[in-house]
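**Student:** If you read the protein sequences in the order shown, they are chains A and B. If you're matching positions, the first sequence starts at 1 in my numbering and goes up one per residue. If you're matching positions, the second sequence starts at 1001 in my numbering and goes up one per residue.
Keep in mind that the hints are not guaranteed to be accurate.
[Said to hold, decoys possible] Far from chain B, some chain A residues (derived; all Cβ distances over 10 Å):
(1) GLY8
(2) LEU13
(3) LYS32
(4) SER34
(5) LYS98
[Said to hold, decoys possible] Chain B stretches covered by chain A per the calculated footprint, using a threshold of three residues with CB under 8 Å from any CB of chain A:
(6) 1019 to 1030
(7) 1072 to 1081
(8) 1084 to 1097
(9) 1122 to 1130
Because the hints were derived from the structure by calculation, they are not lab data. Where is the CB? At the ideal position from N, CA and C, for every residue including glycine.
2 protein chains.
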Amino acid sequence: MDTLVTIGKAASLTGISAKMIRYYEDIGVLKKASRTEAGYRLYNQTQLQQLGFIRRSRNLGFSMAEIQSLLKFWLDSDRESRQVKQLAQNHLQDINEKILALEKMKTVLQELADKCDGDDNAKCPILEGLAEFSS
Amino acid sequence: MDTLVTIGKAASLTGISAKMIRYYEDIGVLKKASRTEAGYRLYNQTQLQQLGFIRRSRNLGFSMAEIQSLLKFWLDSDRESRQVKQLAQNHLQDINEKILALEKMKTVLQELADKCDGDDNAKCPILEGLAEFSS
DNA sequence: AGTTGACCTTACAACCATGGTAAGGTTTAA
DNA sequence: TTAAACCTTACCATGGTTGTAAGGTCAACT
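Sequences are here, hints too, so could you generate the full structure?
**Tutor:** Structure, rendered in structure tokens:
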């Protein structure tokens, strides 16, 4: 017996807002949901699972395009784990690059902040650093 | 003698695209530039310095709203370095939170990827992890 | 039956910083 | 004079999400 729920219930069950569920359908990440006679979207257990899959993927920072691929792999019994791992490793590289970029910002900014007295004087090495000719 | 340049020159001199220079003027981060009779924007040395300031601030990840504040501080001889340092430290906290979030993603995803053979088999712990009921 | 409140629908705008395009005016150099 | 390289404004798109507005539906209570 397929328990069907409307979008609000699906939202609270999966932690994805109704708004986003509609959006995912819109951009083709989710198949179009069935409807009641009045036009209300209905979701079954399988679709709720997919929403959970999407939420966990988003939590790991995957883009919607990547999640679309991941979902396809998940639903495709002929997939090769190589493909999935490749996608994951590309994303890991993205993450690493972002971390590196942030670490660089952090280092530079921390150095400037450390030099700044942070009192009621106007002299401010942070502003001086940002104003520097060099870079 | 104030050397005046048009927007393309300002762009190549400061590393900020002409598009963005107009945008910064539009949102009020930069004062409106003076114009030639034909309506071309003109930039003097001071304005070029401000554009450099903006670029370096962007490189450190500051938002335009924050940069607007930083620029005001820079131009205000009555500022207190306390205010600037506070702004910088808030941003440093943002950066740290982003790094932490990314590190968490990285850890989880790396664990999943490590468990995945990445061969021509369909079995894939990455997909299994994303499909998990638990989270 | 009627009303109320909680739900659902679509369609639109906004966010942020940036890039792109289009249609047109200006300047400079050949 | 013409061509190239500039400039102008005014749009649209990105990505993922939220907000709002104007309306239809459903269930429960009076």
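**Student:** Are the hints correct? Go through all of them and say.
**Tutor:** Status of the hints after comparison with the structure:
no. : hint         : verdict
1   : GLY8         : holds, 21 Å
2   : LEU13        : holds, 12 Å
3   : LYS32        : holds, 22 Å
4   : SER34        : holds, 22 Å
5   : LYS98        : violated, 6 Å
6   : 1019 to 1030 : violated (count 0)
7   : 1072 to 1081 : holds (count 7)
8   : 1084 to 1097 : holds (count 9)
9   : 1122 to 1130 : holds (count 7)
Checked against the numbered hints above, the structure violates hints 5 and 6; every other hint is satisfied.
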